[in-house]
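Let's have the full structure, built from the sequences with the hints guiding it.
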Amino acid sequence: MPARYARLLLVVMLCMSLWGCAVRRVDFNAPIMPEDLSFIRAGETTLHHVVDRIGAPEEITAVSDQFVAEFKWSTTRSSSLNLGYLFRIVSPVAPTMTLSGTGINIQRLLIICDDRLIVRSYAFGLTDEHALFEFWPF
Amino acid sequence: MRFRTSVLLLLGVCLLINGCVLSRGRVGNPIQEEHLSQIEKGISKKELVVTLFGAPDRIIVGNDKEIFQYYYYDGKSPGLILLVFNILSVNLRSDNLYVFFDRQGIVQDVIYGKRTPEVDFTLRPWGK
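Chains as they are written, first to last, in my numbering: chain S, 1162 to 1299; chain H, 445 to 572.
Bear in mind the hints are in silico, worked out from the structure with no lab data behind them. Not one of these hints is a red herring.
Quick list of the computed label-pair ranges, beta carbon to beta carbon: (1) S:Ile1279 - H:Gly463: 51 to 61 Å; (2) S:Gly1264 - H:Ser450: 41 to 51 Å; (3) H:Pro474 - S:Thr1257: 40 to 50 Å; (4) S:Asp1213 - H:His479: 13 to 23 Å.
For glycine and all other residues, C-beta sits at the position ideal for the given N, C-alpha and C.
What follows is the structure in structure tokens.
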């Protein structure tokens, strides 16, 4: 087989492997890392200092005599593979046979302040990382 | 020759932008920063805050304080919709303003953070 045809076949096979493939991603706010909070000194740093560095919290809640500031960020990844596209080679009508997966990683940071908004403590929520390509739903 | 070059150039540009999607969504009203300078701690009243920013999106009550929350979300979404392969990104950022009042409705504190200038049309469906 001449090299020209081999290359063409390779391109066609590559295209076929991508047929019906979709990858989507939604990012909400930039991630906050533990090292971003290394400046915090409990009992000294105020919520204003924190907000200057990492932005304002998504939510503030009053709990007994304290305020809890909740920072949230998330990454949602979704991918799908429509196997019905392969029928387009032989048929004008392509059935839908889609395998799809979605992973939502919501992450949070809680900062507890006293009623003068001085930081008392903080904690990150546990994270659960999902892979980008999750075509297999079972 | 010049006409042929122009047609080829146009065709090339059309091919490059074929399947491109650019979309934008917003929630709420942008928080006007120039209004923030008019709020003075220990002096300004609730009425002034409502006049400047309107009714709050959320009210939090506790610790002898009332907190007005205002938020604004901005999202940009680039995508590439091809015949056989689609990729799409949605990038969202938020601005939040909190105004703390005492029992008399006087401003005690203001917390404001702006992230929306960071939002961009970067297409990055993979990576961290």
